[in-house]
Every structure is written in C-alpha cells, then in structure tokens.
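For chain A, the structure is supplied; the task is to place chain B on it using the hints.
Each protein sequence line maps, in turn, to chains A and B.
The first sequence runs 15 to 125 under our numbering.
The second sequence runs 697 to 810 under our numbering.
No wet-lab data here; the hints were simulated from the structure.
Using N, Cα and C, we set each Cβ at its ideal position, and we do this for glycine too.
One or more of the hints may lead you astray.
To be verified - The calculated PhoX-like cross-link candidates involving lysine-lysine, where the alpha carbons are at most 20 angstroms apart (straight line), are: (1) 767/B <-> 51/A; (2) 19/A <-> 711/B; (3) 70/A <-> 51/A.
Said to hold, decoys possible - Label pairs and their in silico Cβ distance ranges: (4) 93/A <-> 736/B: 28 to 36 angstroms; (5) 29/A <-> 759/B: 44 to 52 angstroms; (6) 81/A <-> 736/B: 21 to 29 angstroms; (7) 31/A <-> 780/B: 41 to 49 angstroms; (8) 109/A <-> 766/B: 25 to 33 angstroms; (9) 740/B <-> 109/A: 18 to 26 angstroms; (10) 737/B <-> 108/A: 14 to 22 angstroms; (11) 759/B <-> 16/A: 19 to 27 angstroms; (12) 713/B <-> 25/A: 38 to 46 angstroms; (13) 109/A <-> 774/B: 24 to 32 angstroms; (14) 711/B <-> 70/A: 46 to 54 angstroms.
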Amino acid sequence: DQQVKQNSPSLSVQEGRISILNCDYTNSMFDYFLWYKKYPAEGPTFLISISSIKDKNEDGRFTVFLNKSAKHLSLHIVPSQPGDSAVYFCAASEANNDMRFGAGTRLTVKP
Amino acid sequence: EAGVAQSPRYKIIEKRQSVAFWCNPISGHATLYWYQQILGQGPKLLIQFQNNGVVDDSQLPKDRFSAERLKGVDSTLKIQPAKLEDSAVYLCASSPNTGRKTQYFGPGTRLLVL
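The following block holds chain B by itself, in its conformation from the complex:
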C-alpha cells in the first residue's frame, strides 16, 4: 500500500512570495489533514478535510493560508503572501474511514522563507 505522497520536498522562497504544496493521501482514506511543524515543536493542525468538506480550520491563518481538496482525494495548501515565520515543515496526513482514526503522515515539505 502506497503511503501519503507530498511535493515538493523542499522549497525556498522570499517573503511576500506565494507557494503551494500538494498532497495525495493513502487510497481510500476519507480524512486528510495539513499540519505545520515549526522547528523544536510538535505538529500543529492547520486544517482537516472529510472527503472534500472542511471539518476544522480554526487554526488556519485565513488571511494568507488557503487549502482545498477537490474531488475528495488530492489536496493543495497555499500561502500567499509568505512571511518569515511561515518557515516550517508542512505535513500532510490521512486517516481511514472506520475505526479509531490513527493518522498516517507523508514525508513533509520543508519551507524556508527568506
């Protein structure tokens, strides 16, 4: 079974530029999550999708961050414009439809904003 795929793996941009990250979850997983992990901290949930609907985006900075999950499969997370403090690893995770929803993570995208 293929795991959660993310791209790109690394991205360096200047502040005020835009950036987008892509995630393909494990096949059949209805729930998809985006996390931000700042160095030295644990992952922090940004947004949670159930199929293509948003379940929780309470911690998403909506003035600059946006996310979508078209057709309930792949998802993109966008930052526009980026700030220095957005430098972090952005993790995508997915969980199955039934049972206790253990989350399975992708390798992450490391973003550096200069």
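In isolation and in its complexed conformation, chain A is listed as follows:
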C-alpha cells in the first residue's frame, strides 16, 4: 500500500533557481511529515519536518509546505545549489511513529 507517493522520479533545475519537490499522501491520520536527503552510498539524512498543526516550516534555503485538505506537501529549495543534487524522500508518520516513505525524487542541479 503506497500511503506516501512521490510521483516525479526525477527533477532537473538550473543552479540559483527554485526546486520544488512534491509529495502526496492518502492516510489522514498522518500528523508529522519529514523530508530526507540521500547521497549515493549514504543513508538518508534528515532535512526538515513539519507537524500537521502548521502549514509552513522554513529552515534556511529549505521550506516545507503542508496542505492538509489536499493531502499534499512540497519542499522548496531556494536558491538551488549543485550540492543539493541528491535523492529526496518524503516521509509521514502517525502518533505511533510508524514512518512511511515515498519512493524518492532524484534532484539534479545543473551549474
């Protein structure tokens, strides 16, 4: 059961522009959402999170937006840098902390 979906397997943007990565979920009980970044041969690294009581959380160049009515969240990276090139995973959990991951989106930032 794919409760968390990342429908774009890849995204390519120019350095300095905005990267927008999207994620949809089906389980209305999810109340905590996270984005992880993964470089090759490394484990996923926590990037940013958002609770369902908020609709936006910002950390430097990274902003996560949550639209509960649409069951959609997005990660904005502004400005994008070549070092941001990685696979980004969206994850969601309920109170019991059973985290579900999307399949990931590979972001390529071109110099």
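Using the frame of chain A, we list chain B on its own:
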C-alpha cells in the same frame, strides 16, 4: 556526536546462504529501526525496537528474517536462507527518547544475493 554505525557496508552471497548485519545506534537513543530499501523504492520498515523489546515486526518475513537487540543498544539483523529478492540496502536508524521521534539513519548495508 557519533552517528549510527553499520557493518558490513557491502555483502555478496549466494541464494540459500545466511547473512547478518550489525547496527550501533546513536548513544542514548532508545528506539532502533531496521529498514529494507529495494532499488527505486523508499525504505520499508522491517522491525522497530524500543530498548530491547520489539514494538513492531509486522512487515518482517519471519520465516527467514530475525533480529535482536541485546541490552537495548546494538542490534543484529539476520537472513537465513537468503533469496534473490532480498537484494537491497538494509538501513538501520535510531531515534531519541523524547519529543517527536525524528529518525537518524546509518549508511546502510548493500546486500547482493546471486
């Protein structure tokens, strides 16, 4: 602060053989997770420990997979016997005792079953 440690990093075995993976979580983290990540997919939870007790192993194929966490710190995941479809990256993660439990991942063990 040291991160989650895993070994080995890579393992190649033949089908029907056995294999074991080791994980040392971040110091003080009570919760430990094992995930299986098949190529092109997101990580899938296999088992979750709280200290040395199992919280969730509903997605662990118990006919061939086993895991233990002795003394509530290190953990091992074993596959016996391995199948071709077990080829994947096995990720270990840990999370702290308090607050919202963001999980911190190790580098993973890449398993290839021939």
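Cross-check of the supplied hints:
1. 767/B <-> 51/A: 31 angstroms, violated
2. 19/A <-> 711/B: 32 angstroms, violated
3. 70/A <-> 51/A: Given that 20 angstroms is the threshold and the Cα spacing comes to 19 angstroms, the pair holds.
4. 93/A <-> 736/B: 28 to 36 angstroms: For residue 736/B against residue 93/A, whose Cβ atoms are near 29 angstroms apart, the range 28 to 36 angstroms holds.
5. 29/A <-> 759/B: 44 to 52 angstroms: 50 angstroms, holds
6. 81/A <-> 736/B: 21 to 29 angstroms: 27 angstroms, holds
7. 31/A <-> 780/B: 41 to 49 angstroms: For residue 31/A and residue 780/B the Cβ distance comes to about 42 angstroms; the hint holds.
8. 109/A <-> 766/B: 25 to 33 angstroms: 28 angstroms, holds
9. 740/B <-> 109/A: 18 to 26 angstroms: 20 angstroms, holds
10. 737/B <-> 108/A: 14 to 22 angstroms: 21 angstroms, holds
11. 759/B <-> 16/A: 19 to 27 angstroms: Given about 25 angstroms between the Cβ atoms, the range holds.
12. 713/B <-> 25/A: 38 to 46 angstroms: 39 angstroms, holds
13. 109/A <-> 774/B: 24 to 32 angstroms: 31 angstroms, holds
14. 711/B <-> 70/A: 46 to 54 angstroms: 49 angstroms, holds
Of the numbered hints given earlier, the model fails hints 1, 2; all others are met.
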